[in-house]
Structure formats: C-alpha cells, structure tokens
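There are 2 protein chains.
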Amino acid sequence: MGKSLKLLCKDSAACVADPGQTRFDLLTRGALSASSCLLPSDGSCHSDSMAAARAEAKEHENSHNNCLIQLANPHVAAMKEDILYHFNLSTSTCDFPAMFGDVKFVCVGGSPSRMKKFIRYIAVELGLDHPGEEYPNICVGTDRFAMYKVGPVLSVSHGMGVPSIAIMLHELIKLLYHAKCSNVSVIRIGTSGGIGLEPGSVVITRQAVDACFKPEFEQIVLGKRVVRNTDMDEQLVQELMQCSADLKEFTTVVGNTICSLDFYEGQGRLDGAICFYTEKDKQAYLQAAQAAGIRNIEMESSVFASMCRTCGLRAAVVCVTYLDRLKGDQITSPHEVLAEYEQRPQRLVSHFIKKSLGKV
Amino acid sequence: MGKSLKLLCKDSAACVADPGQTRFDLLTRGALSASSCLLPSDGSCHSDSMAAARAEAKEHENSHNNCLIQLANPHVAAMKEDILYHFNLSTSTCDFPAMFGDVKFVCVGGSPSRMKKFIRYIAVELGLDHPGEEYPNICVGTDRFAMYKVGPVLSVSHGMGVPSIAIMLHELIKLLYHAKCSNVSVIRIGTSGGIGLEPGSVVITRQAVDACFKPEFEQIVLGKRVVRNTDMDEQLVQELMQCSADLKEFTTVVGNTICSLDFYEGQGRLDGAICFYTEKDKQAYLQAAQAAGIRNIEMESSVFASMCRTCGLRAAVVCVTYLDRLKGDQITSPHEVLAEYEQRPQRLVSHFIKKSLGKV
Chain P
1 MGKSLKLLCK DSAACVADPG QTRFDLLTRG ALSASSCLLP SDGSCHSDSM AAARAEAKEH
61 ENSHNNCLIQ LANPHVAAMK EDILYHFNLS TSTCDFPAMF GDVKFVCVGG SPSRMKKFIR
121 YIAVELGLDH PGEEYPNICV GTDRFAMYKV GPVLSVSHGM GVPSIAIMLH ELIKLLYHAK
181 CSNVSVIRIG TSGGIGLEPG SVVITRQAVD ACFKPEFEQI VLGKRVVRNT DMDEQLVQEL
241 MQCSADLKEF TTVVGNTICS LDFYEGQGRL DGAICFYTEK DKQAYLQAAQ AAGIRNIEME
301 SSVFASMCRT CGLRAAVVCV TYLDRLKGDQ ITSPHEVLAE YEQRPQRLVS HFIKKSLGKV
Chain C
1001 MGKSLKLLCK DSAACVADPG QTRFDLLTRG ALSASSCLLP SDGSCHSDSM AAARAEAKEH
1061 ENSHNNCLIQ LANPHVAAMK EDILYHFNLS TSTCDFPAMF GDVKFVCVGG SPSRMKKFIR
1121 YIAVELGLDH PGEEYPNICV GTDRFAMYKV GPVLSVSHGM GVPSIAIMLH ELIKLLYHAK
1181 CSNVSVIRIG TSGGIGLEPG SVVITRQAVD ACFKPEFEQI VLGKRVVRNT DMDEQLVQEL
1241 MQCSADLKEF TTVVGNTICS LDFYEGQGRL DGAICFYTEK DKQAYLQAAQ AAGIRNIEME
1301 SSVFASMCRT CGLRAAVVCV TYLDRLKGDQ ITSPHEVLAE YEQRPQRLVS HFIKKSLGKV
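Chains as they are written, first to last, in the numbering used here: chain P, 1 to 360; chain C, 1001 to 1360.
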C-alpha cells in the first residue's frame, strides 16, 4: 500500500523534470507531420480573416476542404466500434456523418440548461426556428452531458472543471472525426470571476494560464508529466473582438485567463469551507494576476485550449464576468442581472456565427 | 502577457519545494488546536465501532454530541450572509437548521439522476416512503448540482472530476455547519474502472492516491503548492466491509484508488481523441498500479478524502467497477448490466445506514 510508481515516476521532483517530456515532444512532432491540419501554428488552415473569406468564398472553401478533423491518436481508426460513453452514442448504432456531418460551430458551456437556451436562441438568430419547434437532447439516456443541434451549430454542456470538460472534449472531437466534419470552430461561452473589470464585462481569452500564471496545461500521463501549449487562435480572438465592436452592447476585452482547478481556495476566495490565508494574502495574489495581464478566472480554458490545438480545431473562450474579484468573493447580483450577463457571450458568438455564414 | 507570478511562485521547481508548505502546516495545526473534532486522527470522535455504539447507545450519544461540523476557515463565522451559489441556497433566505439539522448521512455521486434514484431507494429501505411521495430537488433554480433529502439522509450529486466535487464539498460542508449538524458521515457511492477485478466488484477505498500512486492531494493555493493527506477513516472502511459480508451479494474488496484528473490519457486509455503511447506502455502503468495495491481508478476520491479529513467529517468511498482496465478501455456491458452494477454501492451503503440506525 502507498508504494509509489518507481519505474515510471520515482518521486515528485523527478516527475516535474521528467525525461518523458522529450519523448512526448518527439511523439507530438511525429503525429504532427502526418497532417498539416493538425496544428494551426503555421496558419495554413486558420489564417483567413472573415472579410477575406467572404470576399474570396470559393478559394476559402477549397482551401478549407482539406481540414477534416484529425485525431492525435492512431488507435481509434482501428476500432470496430467506438462507444462515446458519456454522450451515450456509439458508431455502431448512430450514423455520425448523417447526424453531425454539417456541423461547423460547436458552442460549449458548463450548464446544460444554458446550452439548451442557447440552441433555441441561435435557431431564431439563424432563421432556422419554426413555431413549436423542440430541440431534443441528443445525449438522451445519460445525464453526464447534454447536446443540442440546429443547422451547422452544435451546443454541448461540459460540467464544471478541467476533468469534466476534458471528458466531453475527447468524445466531442471523436464525434466530429467519425462524422467527417471539416473546418469546425469550437467556442466556450462561459461565466467567470473578473479581475479589475466591471461585472458584466466579457473577456476573450488570449492565453489560458495556470494558477502560477504560466501559459501551459500540465497533466500526468502514465506517471509522466506532460505540458501542452494553451495559446488561443489569435485570428479568432480578433474576429470575435470585431464582433463585439460591431454590436456595441457591452464592454469586451482581450486578456489572459487563469484556469483554476478549484473555485474556492484555488481562486483565493475567503468564503469556502477551508481557508488558511488572509484578505491581504488574497489581494496580493489577485493584484499580481492583474499585473500579469490576467483579466478573469474560470475553470476549463487551459485543457480546452490545449486539446483543441492538439487536434487542429480553431477554438476560443468567451466568458462574462459575474463579479470583480478584487472587490469580493460571493456572487451577490440578483438572478435577473446574472441572467442578462449570461446572455452576453451568447449574443457575441451568435453575431460571429451569423457573420461567418454571411447572414449579417 | 505570460508574465509568471514572480513574487508568489518564481518557477515550477520553486513551486514544488515551496516554503509556503511549512506555513500551511503551521496554520493547519493552529486550526486543529481549536477543536478536537476537526481531525479524526486521535479517534476521539470516530473510533466507536458500530456494535459498541449500539450496546452503549447513551454514552455514544453523549460522546458524539460535541462533534458539530467545524469549518477550517475563520472568515465564514463573520459573514452576515452566506450564498451557497452552486446550490442556489442562502443563509438569508433558508432556515438551514430547520431544513438540514437532522442530517447524519450524506451520500454523494456524480450523476444527478442516480442520486435521485438513491433517495427513493433509501426512503423505502428506511420505511420513510409513502405512496405517491415525491422527493423534490432542493437545489431548484440551478442545474449545477441536485440535492434530495429523506429523514437523516441527504443525497447530493457532484458532477465529474476533482474541481466539480470540490465546489460541491465546500458548499456542502458549509451547509452542514450552518445547519449545526453533528456526527455526520459522508459516503461517495460511485463508479470506477477496476484493476484486476471482475466487473461488478465493489471497492472500498483505503487510501486515495494520485497518478504517481502517492497518497496525497496536491493543489495550488495563492501560487503555492499545498499537499494534504488522503487516508480514509479505517474504522468506517471496516464497518462497510462488514456490511458487505452481511449482505453476501457481490464481491467487495478494500484497496487503494487512483484519483485521476482525466478519464482518457490520465487513466492510460487508448481510445481518447489524443493518445501518444502504446498498449504496452499502458499495461506497464496499470500493472505497476496493481502491484502497488491499487484496485480501481476514479476521479474524485483524493479531494473528497482530504476535504472531509480537514473538516473532521467521517468519510468513505465505495465504488463499483464497470470493467477490468487490464482487459480494455471501453465500457461495453449492456445498459441493464451496468444499471445493476450501479446499485451495488447503494445497497451496501443502505445496509450500513440501516445498521447504524439500529434498523437491521
């Protein structure tokens, strides 16, 4: 009992400076060489501006047709059946290309009811709604996640925190792969705590950073530390910022986002069940965050950024701030005020989708 | 942008060997000295065996009456109002002692629908069910968590992964504190992947270990690494094991449990969207886990164990295994088989509650 993993991870220090990282880098490079679409670093698949894309629609279409969703896992192609357990969907019982082949925009958020509201809203915005239309939950038979679809838009809940969204993303990316989707953008429309911003402000994430403000996502894989990049797609950041400028409805900023593994101690709150620090300690941390260009704190952006990058998906995080953490910890605004705040990322992303489809 | 938190966490290596750990230890000890009920290490609150407790009911009651729920946070007592945001409950609008003061057993699990089924089941088992009785969700107005109550039993969902259950536990422990509850046991009834066990086996966790098999829970608080103990209450483990022996319905073992931050790469699965290792690598990891006394892998036990210990709550983790990870990754058993497996921890814990209440 309690024997540590000697062969693979001798101790904590070894874990941090693990030679496995080199191996991972090599493997990553190997995987990347298989397809130019896997990483957007060279911009070959993702550099078209929205205006240019509209002006040169034909060329845009041609250049993007090769950008099928790629997995960073050679094993899946050899599987006879793939059960997406937490979606309650399987390749042996569902026709993924027929069900999802036309998806171009995936919007994700923590709350299932919010994602249901969003599908109704975007259906109306895209002129795809019909009187009395219902949007059934595609993930019927499980309550782990909820999924809704209208036209080219998929709306999926992801629960709270890195592990929960990671499960959803593994299965979502496989779903898009099995469905032979191409040129998909994935946008998280979430809620967060702001740093030095008026409540209700919207933050578009440039880099997701960890609790020490490092722009990376760390995880332990087979006992070895693996670190991945969390940069967002700068082109998509600028396109979304332009959408906010078009709308002129609320303050929107571009900034870095702390992805915390905890809502209370991990975010320096003084109101959890456990707290061994003072208001002064907390203020020092949050002010250091502000000085480092951090504008908000949420709980999913780092793994979201790194997984989408690794699989060549264009991705963005757009979160409203419910409070200014420099001024407090508890979310005290009335329900109707928070409900209006919650809609802001949806309105911004709806405008982006309509603009992308040439509907505004 | 990307500037790291120099004052609080100079770099990754400093983070690991941070002097803050000493400070945390001192603070923890300081908090503990305030109440003998905060940690069960001396056994003063938790050492009664179930049989002894029944035989000496009066003494048991007297000795436990002082074990009110304690927070490890001095700030909460000074708050005028405490909004438990993710439960949609507030001390200014709810009478916590009236609503929850009689709670003695809290059962938690990932899925809201499973926790609803459990409250119906335990109501019947305790003879507290009435024809046509409904068990409304106490957390109405939010879909973050679901909560149900019957008699002394509270049933609460926690979503998937460490961050999600940590949010729930912070708010649950504060709820029990505001309600002035005493002598509460918290049991996670979950699902997991087994290691070298027949599917359907139940594992009672002795120690929750991390992905490198270390029995600790690590988190970053204000940029500093904090490590906490994840031992479970050995007395409760033995009582639960005796309940399984009483029932004779399914195989139950006591063992260590990996608490992973991921379902796919973090657990060595080959079927995620991302996988840069081989079947051989995976087998080496899982076999090393088996050799270290690990019997299953799930995603919540470490923070569950450490938070309950820190706040003096008697806690246990009872998970059924859906598959043997040495033989595969996908959960392929038919729905009805999994549904029966899912009930096993519920049956075991129901027997424990009935026995504790002198009802068997």
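Worth flagging that the hints you see were computed from the coordinates, not collected in a lab. A portion of the hints provided could be inaccurate.
[Said to hold, decoys possible] Distance windows between CB atoms, simulated:
no., chain 1, residue 1, chain 2, residue 2, range
1, P, Val337, C, Lys1080, 12 to 22 Å
2, P, Asp95, C, Gly1141, 36 to 46 Å
3, C, Gln1242, P, Glu133, 12 to 22 Å
4, C, Ala1098, P, Ser333, 34 to 44 Å
5, C, Ala1098, P, Gly101, 53 to 63 Å
6, P, Met241, C, Leu1357, 54 to 64 Å
7, C, Ala1339, P, Ala78, 42 to 52 Å
8, C, Val1360, P, Leu326, 30 to 40 Å
9, P, Gln238, C, Ala1339, 16 to 26 Å
10, P, Ser92, C, Ser1090, 40 to 50 Å
11, C, Gln1242, P, Lys327, 35 to 45 Å
12, P, Val360, C, Gly1132, 48 to 58 Å
[Claimed, not checked] Facing chain P, from chain C, some residues (calculated, C-beta under 10 Å):
no., residue
13, Leu1071
14, Pro1112
15, His1130
16, Met1241
17, Phe1250
18, Thr1251
19, Tyr1277
20, Glu1300
21, His1351
[Claimed, not checked] Distance condition first, Cα-Cα at most 27 Å in a straight line; then the derived DSS-like pairs of lysine-lysine:
no., chain 1, residue 1, chain 2, residue 2
22, C, Lys1327, P, Lys80
23, C, Lys1080, P, Lys116
24, C, Lys1080, P, Lys280
25, P, Lys116, C, Lys1117
26, C, Lys1282, P, Lys80
27, C, Lys1282, P, Lys327
28, P, Lys80, C, Lys1280
Note that the Cβ used here is the ideal one computed from N, Cα and C, for glycine as well.
Exercise. Out of the numbered hints, which ones does the structure contradict?
Worked result: Violated hints (numbers, rising): 3, 4, 7, 8, 9, 11, 15, 16, 17, 18, 21, 23 and 27; every other hint is consistent with the structure.
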